[in-house]
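**Q** If you want the building blocks of each chain, they are given just below.
There are 2 protein chains.
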Amino acid sequence: MIRGKLCDGEMSRIINYKKNMVAFQGEPGAFSEQAAKKFFGSGVKVLPCRSFEDVFESVARKRALHGIIPIENALFGSIHQNYDLLQQYDIPIIGEIKLRIVHALLAPCGVKLKDIRKIYSHPQALGQCDLFVRTLKHAEAVAAYDTAGAAKAVKEQKRKDSAAIASVDAAKVYGLQILRRGIENDHRNFTRFLVISKRKPLPSRNAKTSIVVSMNNVPGALFRALSVFALRDIDLYKIESRPLVGKPWEYLFYIDFEGSVNNERSAQALRHLREITATMKILGSYPHGKTVGGPKS
Amino acid sequence: MIRGKLCDGEMSRIINYKKNMVAFQGEPGAFSEQAAKKFFGSGVKVLPCRSFEDVFESVARKRALHGIIPIENALFGSIHQNYDLLQQYDIPIIGEIKLRIVHALLAPCGVKLKDIRKIYSHPQALGQCDLFVRTLKHAEAVAAYDTAGAAKAVKEQKRKDSAAIASVDAAKVYGLQILRRGIENDHRNFTRFLVISKRKPLPSRNAKTSIVVSMNNVPGALFRALSVFALRDIDLYKIESRPLVGKPWEYLFYIDFEGSVNNERSAQALRHLREITATMKILGSYPHGKTVGGPKS
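Chains C and U, in that order, are what the protein sequence lines are. Take 1 as the starting number for the first sequence in this note's numbering and just add one per residue. Take 1001 as the starting number for the second sequence in this note's numbering and just add one per residue.
Hints were generated in silico from the structure; no laboratory data involved. In this text the structure is predicted, and so the values were computed from the model without any measurement.
Below, computed lysine-lysine pairings styled on DSBU-like, alpha-carbon distance capped at 30 Å:
no.	chain 1	residue 1	chain 2	residue 2
1	U	Lys1160	C	Lys158
2	U	Lys1281	C	Lys238
3	C	Lys137	U	Lys1155
4	U	Lys1118	C	Lys137
5	C	Lys137	U	Lys1158
6	C	Lys160	U	Lys1137
7	C	Lys160	U	Lys1118
8	C	Lys118	U	Lys1160
9	U	Lys1118	C	Lys114
10	U	Lys1158	U	Lys1045
11	U	Lys1118	C	Lys155
12	C	Lys281	C	Lys238
13	U	Lys1155	C	Lys118
14	U	Lys1114	C	Lys158
15	U	Lys1114	C	Lys118
16	C	Lys155	U	Lys1137
17	C	Lys114	C	Lys172
18	U	Lys1158	C	Lys114
19	C	Lys290	C	Lys238
20	U	Lys1160	C	Lys137
21	U	Lys1118	C	Lys118
22	C	Lys290	U	Lys1238
23	C	Lys238	U	Lys1238
24	U	Lys1137	C	Lys118
25	U	Lys1112	U	Lys1137
26	C	Lys238	C	Lys37
27	U	Lys1118	C	Lys112
28	C	Lys62	C	Lys45
29	C	Lys62	C	Lys198
30	U	Lys1172	U	Lys1037
31	U	Lys1200	U	Lys1290
32	U	Lys1137	C	Lys158
33	U	Lys1118	U	Lys1172
Computed footprint of chain C on chain U, listed as stretches where at least three residues anywhere in the stretch have a Cβ under 8 Å from a Cβ of chain C:
no.	segment
34	1074 to 1085
35	1124 to 1131
36	1227 to 1234
Beta carbons are placed, not taken as given, at the ideal position from N, Cα and C, and that holds for glycine.
Pulled out of the complex, with its shape left as it was, chain C reads as follows (with noise of 0.2 Å):
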């Protein structure tokens, strides 16, 4: 191995490279990478990562300026794993975006749909294309590790009888045919992606801020949490309850709200709001997100 001196020029070249790296979990052609190329531009640089944790991980380590992370599925409700990660780093929300999930059957080329006998994808998009992948009688459905690493795994095995259920873009990267697009039972699927990093966000006009409180449920604590707001006449976009294992009387709550916390306002009803609560942690405040990937779009 040679190692050499790097000069000025190429050492801040690696650096910006490593500034600019958006860590995902997958492979490339997955969702998460597809959302990250909508948010920051086609021409963004991204880490592939194996895990959630991974992702959180190479953001703490400055392996990536940037983490994407889904948040919420239009049709199978929110992660809690991720909502557990961004309270366990202190890695702050800096944006979000909304990406329509669309799901297409991709092959080899030449092979046809009834010679398909096996159909890889990650469990989740299986369960999401069922009533599809019923309708092809001899094939069984295999998990994998996500989407597009079941694409690369059909591309690569090069068998005559398998198929991938993964996004357009995996077909692309892959260089497979789209045998069917739109495959998924539900087509109003969207998922919700955050973006982290441990970057101070900037102050922003359209703001929006994402907390995680816990409470004890005393008579109406849900509504005098909620009152912190209402009295300050701040909109509320998200809240969800989140029951605790074995403590049947504790919840979690998820709030997403208008105004940044640099906002005087916004800092008022959060110093308020932790008088009444058990606990209270700040994911971020970031600048509303699109939503994209529609059939428009």
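Chain C is fixed; fit chain U onto it per the hints.
**A** Chain U in isolation, oriented as in the chain C frame:
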């Protein structure tokens, strides 16, 4: 085929049999069946169904008096599909039960852990146990129709290299050995099940009520909606907002609150709520459910 006239006693036995039947999604040994047995007692007659929609159809067409459906999981959130079916069918919720989900690796007798090459299960269960599955280097996860269905298939195939992830009950149902117990990533895993029936619910002193409302996102709409409960000192047990796809400013809200609709105070709150929401559907009033299936139960 011999057709005979049934005597009154036989007919009444058949009617009672159907009357006591509980429809659930999955094969015998599924977690939904386990929940039904914990709710109604181990002698209850059950009707396995292929889909959640079939559970609702079975109750609607009087093939079963009751149905049981999962509605939320402590790790994976609310099952919006079943909320949609509760809104679509006029079959009220009459009870609930919370079941601790313990996954086990099941195989035919004589099969050892190191021999396993294929692990069959429902996609969600494979996801819930993926940390364990990854430790078995030579094993491939294969998606199956449901957890108990996977156990059944493994029993029928009699292969020496296959196992299933399913409940401990499924091991008993299909005569399989338990290779590992409690293989789920997160032991705080429980699912809340709802019991549905067209039989009029009995009023109860220990009741809760579930509703779904839709609202346009005018500032403070959610707070005004919750005020109808606070003004009457009615406690809230669950609240969850669900954004509607393609309608970025419209939301569904799932709300569970204290008391039965038979109760005058609840009726007043609901009349008040109807004034300020776009749509409202009462899903049912029912007694608070127990949590069962923990390490000690």
